[in-house]
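Participant: Sequence:
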Amino acid sequence: PPPPSLALLAFRATAAAAWVATLVDSYADTRGLEITHRGRVVTVRHSGRFVTFTLWCNCVFACYWLSATACSAYAVADGDAPAWLSALSLLLWEVAFPLSWLVAAVVSYVLIPVAAKREPAKVEILLRWRPQFLHNGYVLAAALEALLARPPMVWSHLPLMVLFGMTYIAFAWLMHARLRVYAYIFIDPTFSWAPVAYVALMLASTGCFAGCCALTQHLGETQAPRATGAAMLAAALGTCTWRAPVAARSKL
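In the working numbering, the protein residues as written are 1 to 252.
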């Protein structure tokens with residue numbers, strides 16, 4: 001990993017402020033988030049907006065930025081961060097970094113194309129500044145952090161992905177028990193393809209973890225990973241969508 005620097009501390013502190021501010025803005029937004037499931041429509045506000053997988057992942061990322069900023073502050077002051085803080089930062093990174101790729105890819109290659117065909121108006125919502133920040137900004141900032149700070153990842157921590165995914169599914173079931181809706185149709189156990197969707201979600205998340213683990217290991221072993229860094233940033237950009245598909249634009 002690179003030596004401690006004020007530049008890295010400033011980058012992490014800026015990211016921490018940006019993520020916390022965006023999450024607070026999400027909470028404070030008085031516009032309701034409509035969740036439609038099997039003909040039932042429920043509108044949630046404030047803390048109710050934090051039912052999506054994207055916001056769960058970005059909450060983890062915000063916590064990572066805060067812990068990483070504290071670790072950088074200790075390092076710049078020529079001190080060692082408490083062991084618990086370093087361990088917490090590592091675990092948060094091991095969840096946030098792999099899932100940044102999954103979130104951005106699913107939004108760009110699944111949610112937006114499906115919305116463009118079925119509900120074009122939702123594409124405009126997905127491409128507002130805040131969703132773009134929580135999707136595109138998420139993966140791009142994670143890729144920059146991986147390149148600049150090169151935080152490590154541990155192969156044996158792969159079960160974190162399964163645990164996080166199962167926790168979200170359990171939360172979705174509890175939400176359905178209260179509101180009678182699911183934020184995502186494929187999490188509904190009565191959905192015919194639900195078992196396949198569950199397995200696919202676990203495989204995708206663990207696959208992202210394995211790929212990110214191999215990537216961070218390579219970055220950690222290379223003093224000037226220019227080619228790898230450029231390829232990683234290009235791949236991150238490749239998961240981003242900035243404009244509505246042509247099919248959706250023609251219907252708006």
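Treat the hints as calculated values from the structure; they're not laboratory data. Every residue, glycine too, gets a C-beta built ideally from N, C-alpha and C. Treat each hint with caution, since some may be false.
Derived DEER-like restraints, expressed as beta-carbon distance ranges [stated by the list, open to error]:
no., residue 1, residue 2, range
1, 130, 167, 16 to 26 Å
2, 6, 178, 27 to 37 Å
3, 87, 170, 20 to 30 Å
4, 155, 85, 33 to 43 Å
5, 118, 190, 18 to 28 Å
6, 128, 186, 36 to 46 Å
7, 190, 17, 23 to 33 Å
8, 218, 48, 25 to 35 Å
9, 223, 178, 46 to 56 Å
10, 186, 125, 31 to 41 Å
11, 202, 132, 37 to 47 Å
Participant: Evaluate each hint against the coordinates.
Facilitator: Results for each hint:
no.: 1; hint: 130 x 167: 16 to 26 Å; in the structure: holds, 24 Å
no.: 2; hint: 6 x 178: 27 to 37 Å; in the structure: violated, 47 Å
no.: 3; hint: 87 x 170: 20 to 30 Å; in the structure: holds, 25 Å
no.: 4; hint: 155 x 85: 33 to 43 Å; in the structure: violated, 22 Å
no.: 5; hint: 118 x 190: 18 to 28 Å; in the structure: holds, 20 Å
no.: 6; hint: 128 x 186: 36 to 46 Å; in the structure: violated, 24 Å
no.: 7; hint: 190 x 17: 23 to 33 Å; in the structure: violated, 43 Å
no.: 8; hint: 218 x 48: 25 to 35 Å; in the structure: violated, 41 Å
no.: 9; hint: 223 x 178: 46 to 56 Å; in the structure: holds, 53 Å
no.: 10; hint: 186 x 125: 31 to 41 Å; in the structure: violated, 20 Å
no.: 11; hint: 202 x 132: 37 to 47 Å; in the structure: violated, 27 Å
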